[in-house]
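Colleague: Take a look at the letters that make up each chain.
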Amino acid sequence: MTFQIMINLLMALIWMFMNDAWTFASFISGYAIGVAVLFFLRGFFPQRFYIGWIYAVVKLVFIFLKELILSAVEVVGQILQPKLNIQPGIFAMDIDLHRNWEVTVLSCLITLTPGTLVVDVSPDNQTLYIHAMHLPDIDKAKEDIRNSFEKAIQEVSRT
Amino acid sequence: MKSNDVILQTVANIVLFIILMFSVFLFFNGHHEPGGGFIGGLMTSSALVLLLLAYDLETVKRILPVDFKLVTAAGLLVAVGTGMGSFFFGAPFLSQTYDYFHFPVLGELELATALIFDVGVYLVVVGITLTIIQTIGEDR
Numbered sequence: 001m002t003f004q005i006m007i008n009l010l011m012a013l014i015w016m017f018m019n020d021a022w023t024f025a026s027f028i029s030g031y032a033i034g035v036a037v038l039f040f041l042r043g044f045f046p047q048r049f050y051i052g053w054i055y056a057v058v059k060l061v062f063i064f065l066k067e068l069i070l071s072a073v074e075v076v077g078q079i080l081q082p083k084l085n086i087q088p089g090i091f092a093m094d095i096d097l098h099r100n101w102e103v104t105v106l107s108c109l110i111t112l113t114p115g116t117l118v119v120d121v122s123p124d125n126q127t128l129y130i131h132a133m134h135l136p137d138i139d140k141a142k143e144d145i146r147n148s149f150e151k152a153i154q155e156v157s158r159t
Numbered sequence: 001m002k003s004n005d006v007i008l009q010t011v012a013n014i015v016l017f018i019i020l021m022f023s024v025f026l027f028f029n030g031h032h033e034p035g036g037g038f039i040g041g042l043m044t045s046s047a048l049v050l051l052l053l054a055y056d057l058e059t060v061k062r063i064l065p066v067d068f069k070l071v072t073a074a075g076l077l078v079a080v081g082t083g084m085g086s087f088f089f090g091a092p093f094l095s096q097t098y099d100y101f102h103f104p105v106l107g108e109l110e111l112a113t114a115l116i117f118d119v120g121v122y123l124v125v126v127g128i129t130l131t132i133i134q135t136i137g138e139d140r
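Protein sequences appear in the order of chains B and P. Position 85 (the first sequence) corresponds to 85 in UniProt numbering; numbering is contiguous. Position 5 (the second sequence) corresponds to 5 in UniProt numbering; numbering is contiguous.
Hint data in this document are derived by calculation from the structure and do not stem from the laboratory. Backbone N, C-alpha and C define an ideal beta-carbon position, used for all residues, glycine too. It is possible that part of the hints are untrue.
[What the hints assert, rightly or not] Each computed SDA-like pair below joins lysine to any residue, with the alpha-carbon atoms no more than 25 Å apart:
#, chain 1, residue 1, chain 2, residue 2
1, B, Lys-151, P, Leu-42
2, P, Lys-61, P, Gly-90
3, B, Lys-59, P, Ile-14
4, B, Lys-140, B, Ala-92
5, B, Lys-59, B, Leu-112
6, B, Lys-142, P, Leu-8
7, B, Lys-151, P, Ile-14
8, B, Lys-142, B, Gln-87
9, B, Lys-142, P, Ser-3
[What the hints assert, rightly or not] Non-contacting residues of chain P with respect to chain B, defined by C-beta distances greater than 10 Å in every case (computed):
#, residue
10, Val-6
11, Val-11
12, Phe-17
13, Arg-62
14, Leu-70
15, Gly-85
16, Ala-112
17, Ile-136
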C-alpha cells in the first residue's frame with residue numbers, strides 16, 4: 001500500500017513539474033491521473049489496489065460510528081429503567097488477527113462501544129477477555145463482534 | 001504471570017511522535033507565544049517517560065543510547081556559551097539581539113540569539129528529568 005501511495009505522490013509531483021504549475025489544483029489533477037494509471041496497471045503490484053484499502057478504512061470508521069450510536073442508545077435505555085435487570089459477565093473470545101495494531105484497534109473499538117470492555121489480552125495475542133454489561137447470550141455477543149469489527153479489520157489488512 | 005501490554009505499546013509507538021512534534025512546536029513558539037525551552041524540554045521528557053512506561057529501562061536504553069548527564073552538561077555549555085558570545089561584540093554578558101534574514105525557500109525569518117540560549121535550557125531540562133527518572137527506576 002505504502003509503495004503505491006508513494007508512486008502516486010511521485011506521479012503528481014512529476015505532473016506539476018511538467019506543467020510548471022505549483023498549485024494545489026494541479027497537484028490534485030496530477031494525483032487523479034496517477035490513480036487512473038495505477039488502476040490500469042494494478043496487476044503489476046503484489047498487493048491489491050490501494051483505493052480498495054482506503055475504502056475499507058473508511059468503512060471501518062463508519063461501522064464504528066454506527067455501533068457507537070446504537071450501543072449508546074442501549075446504555076441510555078438501561079440507565080433510564082427503574083429496575084436494573086442486567087447480567088454482567090466476562091467471556092473469552094478467540095480472535096483471528098495476527099498483527100499488533102489489529103489487536104489494538106479491535107480492543108479499542110470494543111472498549112469504545114459501551115456495553116463491552118476489553119479487560120485483558122492473552123500473552124499470545126489470540127484471546128481477548130471481554131466484560132459485557134448485559135450478557136444474556138455469550139455466543140450472540142461473540143458473533144456480533146465478529147461480524148461487525150473483526151471482519152472489517154481483516155478487510156483493512158487484507159493484502 | 002506477566003500481563004500483555006500489546007495495546008499500550010502499540011498506542012505509545014504512535015502517540016510518541018505526536019508528543020515529540022508538539023514539543024518542538026512549543027519550543028519554537030516561545031518567542032512570541034506561550035511556550036519555550038523549559039516547557040518544550042518537559043514535553044520531550046514526557047514522551048520518553050511514556051516509552052519507559054510502555055517498555056522497560058533496558059529497551060529504552062537500547063533505542064536511545066544516550067547518557068543524559070552529558071546532555072545536561074552540553075545544555076549548560078550552550079547556555080553559558082551564548083552569554084560568552086556577547087563579549088565578542090563588546091556587549092555585556094548575556095545580552096541578546098535579533099534580526100530578520102531572507103532565506104531562498106522559507107522567506108523572511110526572524111532569528112534571535114535567545115533561541116540558542118533556549119536550546120541550552122531545553123537540553124538541560126531533558127537531561128535532568130530523564131536522569132532523575134532513570135536513577136529512580138533502576139533501584140529495584
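Colleague: Run the distance test for Lys-151/B versus Ile-14/P: straight-line Cα separation, threshold 25 Å.
Modeller: holds, 24 Å
Colleague: Holds or violated: Lys-151/B with Leu-42/P, Cα cutoff 25 Å?
Modeller: violated, 42 Å
Colleague: Classify the label on Ala-112/P as holds or violated, using whether its beta-carbon is more than 10 Å from each beta-carbon of chain B.
Modeller: holds, 31 Å
Colleague: Is Lys-59/B close enough to Ile-14/P, meaning Cα to Cα at most 25 Å?
Modeller: The given pair, whose Cα atoms are some 22 Å apart, holds under the 25 Å limit.
Colleague: Measuring Cβ to Cβ, find out whether Leu-70/P lies farther than 10 Å from everything in chain B.
Modeller: holds, 34 Å
Colleague: Would you say Arg-62/P is clear of chain B, with no C-beta pair closer than or equal to 10 Å?
Modeller: holds, 19 Å
Colleague: Mind checking the alpha carbons of Lys-142/B and Leu-8/P for me, to see if they're no more than 25 Å apart?
Modeller: holds, 24 Å
Colleague: Run the distance test for Lys-140/B versus Ala-92/B: straight-line Cα separation, threshold 25 Å.
Modeller: The given pair, whose Cα atoms are some 13 Å apart, holds under the 25 Å limit.
Colleague: Holds or violated: Lys-142/B with Ser-3/P, Cα cutoff 25 Å?
Modeller: holds, 23 Å
Colleague: When you check the alpha-carbon spacing of Lys-59/B and Leu-112/B, does it fall within 25 Å?
Modeller: Holds. Lys-59/B to Leu-112/B sits at ~17 Å (cutoff 25 Å).
Colleague: Within a Cα-Cα threshold of 25 Å, do Lys-61/P and Gly-90/P meet the stated pairing?
Modeller: Outside the cut-off at roughly 44 Å; violated.
Colleague: Beyond 10 Å from every chain B Cβ: check whether that's true for Phe-17/P.
Modeller: Holds, since 15 Å exceeds 10 Å.
Hints 1, 2, 10, 11, counting from the list given before, are not met by this structure.
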